[in-house]
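**Student:** All chains, please: the whole structure from these sequences, using the hints.
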Amino acid sequence: MIAHNQQVTRNIEQIRSDVNQAASQDDLIALVRRVEQHKGPLDYRDNWYRVFCAVSLFFALLPVALELGLVLPGFIMQILSAALGYSVIWYPMLCLATITRFCEDKGKRLPIPGPIWGRMALMAAIGASLNLIPQWPYWYWDLYFDTLASFLGLWYPSSGFAAHNGVIGLLMLFWLRGRMKWRNKLSDKIFLKDALFNNNLEAVPFEGKKLAKELEASFREFKRGNDLREIESLYKSTYQGEVHQFDYQLYRFHYVEKRTETTTDANGKTTTRTVRDHYYRHGVLLDFQFAQDMSISNDFGIKRRGERYKSASNEFNRQYRVHAAELMSAARLLSPAVEEKLAVFAKKLKKPVFEFSQQGRLCLAVTDDLLAVKRVHGLDNPKAFAEELAGHTELKQMTQMLEIVHEIMRYSDNNFKASA
0 MIAHNQQVTR NIEQIRSDVN QAASQDDLIA LVRRVEQHKG PLDYRDNWYR
50 VFCAVSLFFA LLPVALELGL VLPGFIMQIL SAALGYSVIW YPMLCLATIT
100 RFCEDKGKRL PIPGPIWGRM ALMAAIGASL NLIPQWPYWY WDLYFDTLAS
150 FLGLWYPSSG FAAHNGVIGL LMLFWLRGRM KWRNKLSDKI FLKDALFNNN
200 LEAVPFEGKK LAKELEASFR EFKRGNDLRE IESLYKSTYQ GEVHQFDYQL
250 YRFHYVEKRT ETTTDANGKT TTRTVRDHYY RHGVLLDFQF AQDMSISNDF
300 GIKRRGERYK SASNEFNRQY RVHAAELMSA ARLLSPAVEE KLAVFAKKLK
350 KPVFEFSQQG RLCLAVTDDL LAVKRVHGLD NPKAFAEELA GHTELKQMTQ
400 MLEIVHEIMR YSDNNFKASA
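The sequence shown: position 371 = 370 (numbering that gives the first Met the number 0), numbered continuously.
Hints are supplied without guarantee of correctness; some may be wrong.
Unchecked claim - Keeping only pairs whose Cα atoms sit at most 27 Å apart, straight-line, the calculated DSSO-like set for lysine-lysine is:
#1 257 with 302
#2 180 with 105
#3 268 with 302
#4 347 with 302
#5 222 with 107
#6 347 with 222
#7 340 with 188
#8 349 with 222
#9 395 with 382
#10 38 with 184
#11 309 with 192
#12 268 with 208
#13 38 with 235
#14 188 with 38
#15 349 with 302
#16 302 with 373
#17 38 with 105
#18 350 with 208
#19 38 with 180
#20 373 with 347
#21 350 with 222
#22 209 with 302
Stated by the list, open to error - Derived CB-CB ranges, DEER-like:
#23 141 with 349: 54 to 60 Å
#24 191 with 141: 20 to 26 Å
#25 39 with 339: 56 to 62 Å
#26 169 with 357: 47 to 53 Å
These are computed hints drawn from the structure, not numbers from a lab.
By construction, the Cβ of each residue, glycine as well, lies at the ideal position given by its N, Cα and C atoms.
**Tutor:** Dropping the structure here:
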């Protein structure tokens, strides 16, 4: 017989698989409705893990509370002192019982018949029997917890016990929270996938680091950071405007700034560590025939190629820095009407950069997440969530990006014909 938690894991994995295989909005709605009427269990029974987590955090925080001046009655202090001393017996019992429960949840069961609590009790008895080994208290207190305390710069084995429990307790806390909130993350994925369907965005296969390097050869936008550079997601679609239609790709770019941080403690000891700061940029890529080898940037931290072009509009000059290989091409592209629209656009999205490559491609990038969608309901309320999915999710910031590209094309088309 499959353990309850193991069955829950299988059911959740099946739902995740169904989400990945969904090919339309209707598939997603049908999936959510199946979750509403799901016959198998979808919630973990984690009371034992919660007890283990609570015990760990209690013994981790108790020394801190006492250090901060918490005063407890004498008999309580005697009980706590005895519990700490006898942890050499009960803590291995608790750990082995918990490990047994975890292994059974993963489908790895001891070859012993009977209910799960019987096998947990057996392993707890084995944990208690460790105290029959003469060297066990030494291994437990001196060899492990005292060594751990010394490594952390603490004084007593009990401090090592507290530090050990602090790490275990926090890891358990985050793990339990993830198991309780599994619907939230999966609901976000479903809602995002629905938004992609609504906006006709199709995932494109790619190699993240390789693609970032290829784009870097054409656009300085991708020369950010001094460590990792990678494309994390890539979609394709077609925009149909009143005048122009164009194919485009929507991407998410991840880059890392690596730096060295040096600190000095009260004793004058200097410590150096490497810090990595993670950043993201989002944008669209498309063919653009009306300009090349120039940039219109609201992000002044990136060095651009070409000569600096200044407009007659002070408002536009405050918003953007323009660089071009040929100033005449910048003047032809940046008509007063285009400058006005670009100035308005810079107030809607953060740090926009229009970069036109030598090959006739446009990269329009911003800091805003173009696929940021906010849902009202989720799998915790499947009926309402299905109704929400049935509507149309508009990616407003992405729409603003595509509209400004279309406007530049429209005005550039007029300029291009006039100059021709």
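**Student:** None of the hints should be skipped; say for each whether it holds.
**Tutor:** Here is how each hint holds up against the structure:
1. 257 with 302: 19 Å, holds
2. 180 with 105: OK: residue 180 and residue 105 at ~19 Å, within 27 Å.
3. 268 with 302: Not satisfied, since the Cα-Cα distance of roughly 38 Å exceeds 27 Å.
4. 347 with 302: 23 Å, holds
5. 222 with 107: Answer violated: residue 222 to residue 107 is near 48 Å, above 27 Å.
6. 347 with 222: Holds, at roughly 24 Å.
7. 340 with 188: 34 Å, violated
8. 349 with 222: 18 Å, holds
9. 395 with 382: 26 Å, holds
10. 38 with 184: Given pair residue 38, residue 184 holds - Cα atoms ~22 Å apart, limit 27 Å.
11. 309 with 192: 43 Å, violated
12. 268 with 208: Roughly 39 Å separates the two Cα atoms, so the pair is violated.
13. 38 with 235: 38 Å, violated
14. 188 with 38: The given pair, whose Cα atoms are some 23 Å apart, holds under the 27 Å limit.
15. 349 with 302: 18 Å, holds
16. 302 with 373: 35 Å, violated
17. 38 with 105: 21 Å, holds
18. 350 with 208: Measuring from Cα to Cα gives roughly 23 Å; hence the hint holds.
19. 38 with 180: 20 Å, holds
20. 373 with 347: Roughly 18 Å separates the two Cα atoms, so the pair holds.
21. 350 with 222: It holds: about 16 Å lies between the C-alpha atoms, which stays within 27 Å.
22. 209 with 302: Judged against 27 Å, a Cα distance of about 23 Å means the pair holds.
23. 141 with 349: 54 to 60 Å: The hint (54 to 60 Å, Cβ to Cβ) holds, given that residue 141 and residue 349 are roughly 57 Å apart.
24. 191 with 141: 20 to 26 Å: With a Cβ separation near 53 Å, residue 191 and residue 141 fall outside 20 to 26 Å, so the hint is violated.
25. 39 with 339: 56 to 62 Å: 59 Å, holds
26. 169 with 357: 47 to 53 Å: At 52 Å between Cβs, range holds.
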